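Chemist: Listed below are the residues making up each chain.
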Amino acid sequence: MDAQSATAIFAAKGIDITPNKDQGVIKVVKRPGLNGNQPMIGDRVTVHYTGKLLTGKKFDCSRDRKEPFCFNLGKGQVLKAWDISVLSMQEGEVCTLLCKPEYAYGSSGSPNKIPRNSLIVFEMELLKFEGEKLTDDGGIIRRIKVKGEGYTNPNDGATVKVHLEGSCAGRLFDCRDVTFVVGEAEDKGIPLGVDRAMDKMQRGECCVLYLQPKYGFGTEGKSEYKVGPDKDLVYEVSLKEFQSAKESWEMDLIEKLDLAVGVKHKGNQYFKAGRIFQAVIQYQRIVSWLEMECGTGMDQQKKIQDIIVTAHLNLALCFLRMKEFSQVVENCNKVIEIEEHNEKALYRRGEARLHRNEFSLALVDFQLVLQFNPSNRAARAQISICQRKMKEHHEQDKKTYANMFQKFAERDAKTGKPKRRRNESTRSIKNGEVGIKRRRSSQDCPSFQ
Amino acid sequence: MNEDQVNDMIQTWRDTPEKDLTPDDFQWFKNLGCACVTGGDCAQLLKCIQDEKNQEIVKSMGCVLLEPLINGIVKKEKGLYHCQAAITYLTQTCRADELLQSLLGLIEDIHPGAISETIMRQLSRLPVPYTQQQEEADEFGLCRCYSALAEFTKSIVEEMKRKDGDCDTAEDEELRTELLKFCLRSLRDPLLEAELNRDRKSSLWLFAMEIMVTLPVIQVSLSELLFFNSPKKSPLADNSQLNEARACLAYLLFVQRINIDSFPAVYSPVFILRCNVEYISQLLSSKKESHLLKGLALFTKSLQSVQDNALPVSLLELKSFYSAIQNLRQLLTECPLQHLRTSGLQVLQLFINKLDPEAKHKFFRCMLKTGNHAGVESYVVKNIKNQVEVSMEPGNHNKWFLGEEFLSLLGLVLCFPQGAETDLLHSMDRIMESLNLLRFLLIKDKVLWSQTDVWEELVRIKDEYLKMLRVCISMSRAYYSAELKALREDLKLKVKEARESARSSTLVKRITVKHQDVSNMSPEVKHQVLQSALVTFDLMESLIFRIEEIAEEKRKIPN
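Going down the list, the sequences are from chains A and B.
Residue 525 is where the first sequence starts when you use this note's numbering, and the numbers rise one by one after that.
Residue 842 is where the second sequence starts when you use this note's numbering, and the numbers rise one by one after that.
Be a bit skeptical, because a hint or two may be false.
Beta-carbon label-pair distances, calculated as ranges [to be verified]: (1) Asp588/A with Glu999/B: 45 to 53 Å; (2) Glu591/A with Ile960/B: 26 to 34 Å; (3) Gln963/B with Arg640/A: 48 to 56 Å.
Only pairs whose alpha carbons sit at most 20 Å apart, straight line, appear in this in silico SDA-like list of lysine to any residue [unchecked claim]: (4) Lys1160/B with Gly674/A; (5) Lys860/B with Lys900/B; (6) Lys1395/B with Pro1258/B; (7) Lys900/B with Thr959/B; (8) Lys1226/B with Met1269/B; (9) Lys1367/B with Phe1378/B; (10) Lys590/A with Leu1063/B; (11) Lys637/A with Pro1105/B; (12) Lys724/A with Glu656/A; (13) Lys624/A with Asp1149/B; (14) Lys604/A with Tyr1108/B; (15) Lys724/A with Ser1161/B; (16) Lys1042/B with Arg1098/B; (17) Lys599/A with Tyr1108/B; (18) Lys590/A with Pro1105/B; (19) Lys599/A with Cys1116/B; (20) Lys624/A with Tyr1108/B; (21) Lys1160/B with Lys604/A; (22) Lys590/A with Asp1102/B; (23) Lys1142/B with Lys826/A; (24) Lys582/A with Phe1378/B.
These are computed hints drawn from the structure, not numbers from a lab.
Only a predicted model underlies this, so the values are computations on that prediction, with no experimental measurement involved.
For every residue, glycine included, the Cβ atom is placed at its ideal position computed from N, Cα and C.
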């Protein structure tokens, strides 16, 4: 098809889908959608496409790569023509687009591929779309109804003014205008999911959040809203305006130290109320503010260290509750770096290691606790637990890896060792001490994804 | 076994053709080796295998000695030196495939991660060749190593290709992970350091190509890795290391355009720029020339695809943009390499051209406030003048470079932060550009400054500025004239002294006390500098005079 006939077809059958009707993007539907479902802004959409110049020359095709193309709709990640057109498509639809350069590659073109000021033809198929995952575990999914603007988002500590409409199983239970501080939404009866979504929202945005119970009202439910335990929630949130909190680099040390005390108290409050996630947020703020600071003079340095140690210890305790044991160890390590003999840090690290079946390491930690505080009965009890578990568990695997080179010498006598042996050892890396030697090397290379 | 028995055995082996050697023979030879190593007789063993008469034996059975020799080294037995010499000899004498098999057998149970890490670590100890001549000389053999490594990885990659990317078993997954880590490590070191140019197909370039080809085979999506990868999922231990690897990858893809044809062409240029700015910032923060060159090239390429006047002001608020610009500014003011500063300046101008009017306004404000460097500031002022000129053209009218908004910017330009103590020579560039701007504004038709109070404000700013400038000039002139006079006196004194000491034969020298020299320039050069300083002040004064003239004319013209 040559340039003239192509333009003619578009002129005859196409519709202008640009918001201001400037003929910038003309669409012709080749095959209508399956069910009328249309994607929303922010959705993660999957398409197949072919891009051609008006001359018919193909410059890009996802089918050639045998891989559909994914992107977040309406976020400026792709050419303007795409953000406009895919928004107008339905699931399963196939269409062709004629795009003016302003909506495609502009006056720069693309070196070696696309001349300046080129009209471009795209053939698009919308395969599927899904809401945007705001967290890795998919517990908060967002679909945007009205796009906001600006490149900054509310940070932790920012004051936000929103309009909320919360519903559960189709029943509206909460509808109000409310102002709250990001990280402290709990105080206004707003669940964690909405709080965490704030730092992804733009000013003026209106979106729908789909929350799993973990990010909603959890196993408790919320009686004043008549919401039972373990319920999925849906919140429509409009971010009207916000006032950012100062970033760490914008504050001076004295300011940070002053604020840190209040933040710690807030964290403690949340912890006592059983709001562990919220407590973690507060304590992490302290760490992010102060971890790089040194202070002038011994007094200030001590002050900084004290509050950082407290923050890390509290975080360790929170993560123990949340069963995030590697985070426990990380935080305890930070404390021990500063205070070698910190009893609480050693104890909590021991607990975490015990839960991860790293018995000998846990034992060492508890023994150290006893060394520094012989009257610590809890540590004594833990030590006997470790010892018992160590006996129960298979120790021979540990011996297998104890002396790798010894093994070679022993292998001299045997011939034709089957290769399968290595697979066995790989597979036996689940629990037990064997994890340690092996894991040390695999700590450098955890599995991809 | 005593020596006689050993000698007998060796004699028997000498006489036996290779195809008649039995597995027992191999085993005995190996035991002999073990015994020597553990007994501390490595020198003996070395002598034996180097013996001319034993060459056939060594060729056929030498490989079995590798294991005991290597064990000997690992266990640090006595005679380390001889063990190593023996191993070297064996690698030169024995057959390559047998050698390889023996070596592979030894490392079979070691985790592949440890192996690749060791290889990379050893290689990273070699210095990376920096210029073309260095590469060709390849003094340390790095290039040859990487050529070999490239070949080696090819076969592993072929294996993965055959499976068509199906990673069913844990082993496949492990292989894939290791290959990915290998690629990322290689990108960081040596590729980030090396000069990579597609016109010159050096061995490191070919190695880079190999890496770029490997990534899609192990099903790594480049756009995922560059644009969307969350730092939590990093297969490399260190986040900043991962970033360096990705920076190199971005450079190879976008600047050298390796495999760009299989990269989706539909990403918006502004989005690509936003993603690359993080890598650009990282590269520009380095002090290494190879990193800086790549950073500047990546910045240039990313900016070129963006439309002029397209970048919005909200982008400047992004931390990554802010730090990239600050790093660029630091390069312009502190980097000792002239060619980098020149390139940096070009990138700065390109960046400015791509900003929309509001963003330009904000950017200029930011640079004037944080500039702290007369050269950078004068460059900004020149740009401001250009923008005003452009804004005056019909159709380009915008509020950021005309009218009230502009005046706030002008106030930042026409000011003396150090007041009367301003070092005029130091700030000369900036002041001259500022005076040019002022003159330009006044020459243009007053009608453009449509509101009277805007004009009044402009005149007020001008008056204050010129007043302060006059004070500075008179002070500076006084100072530099005094300096010049002192210098001339000094020279006269020196000449007089020289004449006197030539006349008298005594070695008594008169010590002349001079006031402190500010710099250690030679007197002639210093004289020149001072003279030109005074000339500059004259120039400034004449400009001031002209400006006042123009302002007077404007005032007289009726509205």
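Chemist: A separate judgement is required for each hint: does it hold in the structure or not?
Modeler: Hint-by-hint comparison with the structure:
1. A hinted range of 45 to 53 Å is violated for the C-beta pair aspartate 588/A and glutamate 999/B, which are about 22 Å apart.
2. For the pair glutamate 591/A and isoleucine 960/B, the beta carbons lie near 32 Å from each other, so the given range of 26 to 34 Å is met.
3. Restraint check, glutamine 963/B to arginine 640/A: a C-beta distance of roughly 49 Å satisfies the suggested window 48 to 56 Å.
4. Pair hint lysine 1160/B plus glycine 674/A holds up; C-alpha atoms about 14 Å apart against a cutoff of 20 Å.
5. Distance check on the hinted pair: lysine 860/B and lysine 900/B sit about 12 Å apart at the alpha-carbon level, within 20 Å; holds.
6. At most 20 Å may separate the alpha-carbon atoms for a hinted pair to count; lysine 1395/B and proline 1258/B exceed this at roughly 29 Å.
7. Between lysine 900/B and threonine 959/B, the direct Cα distance comes to roughly 29 Å. Violation of the 20 Å bound is thereby established for this hinted pair.
8. A threshold of 20 Å between alpha carbons decides the hint, and for lysine 1226/B with methionine 1269/B the separation of about 17 Å falls inside it, so the pair holds.
9. Of the pairs offered as hints, the one joining lysine 1367/B and phenylalanine 1378/B holds, with about 17 Å between alpha carbons and a cut-off of 20 Å not exceeded.
10. The straight-line distance between the Cα atoms of lysine 590/A and leucine 1063/B is roughly 15 Å, inside the 20 Å bound, and the hint therefore holds.
11. At most 20 Å may separate the alpha-carbon atoms for a hinted pair to count; lysine 637/A and proline 1105/B meet this at roughly 12 Å.
12. With a C-alpha separation of about 11 Å, the suggested pairing of lysine 724/A with glutamate 656/A holds against the 20 Å cut-off.
13. At roughly 17 Å between alpha-carbon atoms, lysine 624/A and aspartate 1149/B fall within 20 Å of each other, so this suggested pair holds.
14. For the given pair, lysine 604/A sits about 9 Å from tyrosine 1108/B by alpha-carbon distance, which is consistent with the 20 Å threshold.
15. Between the alpha carbons of lysine 724/A and serine 1161/B the distance comes to roughly 17 Å, so the proposed pair stays at or under 20 Å and holds.
16. Annotation: proposed proximity of lysine 1042/B to arginine 1098/B holds, straight-line Cα distance about 14 Å (limit 20 Å).
17. Of the pairs offered as hints, the one joining lysine 599/A and tyrosine 1108/B holds, with about 11 Å between alpha carbons and a cut-off of 20 Å not exceeded.
18. At roughly 12 Å between alpha-carbon atoms, lysine 590/A and proline 1105/B fall within 20 Å of each other, so this suggested pair holds.
19. Between the alpha carbons of lysine 599/A and cysteine 1116/B the distance comes to roughly 13 Å, so the proposed pair stays at or under 20 Å and holds.
20. Note on lysine 624/A and tyrosine 1108/B: the hinted pairing holds, with a Cα-Cα distance of about 16 Å set against a maximum of 20 Å.
21. For the hint pairing lysine 1160/B with lysine 604/A, the CA-to-CA distance comes to about 25 Å; that exceeds 20 Å, so the pair is violated.
22. With a CA separation close to 14 Å, the supplied pair lysine 590/A and aspartate 1102/B stays within the 20 Å bound.
23. Distance restraint check for lysine 1142/B and lysine 826/A: the Cα-Cα separation of roughly 49 Å exceeds the 20 Å cut-off, and the hinted pair is therefore not satisfied.
24. Pair hint lysine 582/A plus phenylalanine 1378/B does not hold up; C-alpha atoms about 63 Å apart against a cutoff of 20 Å.
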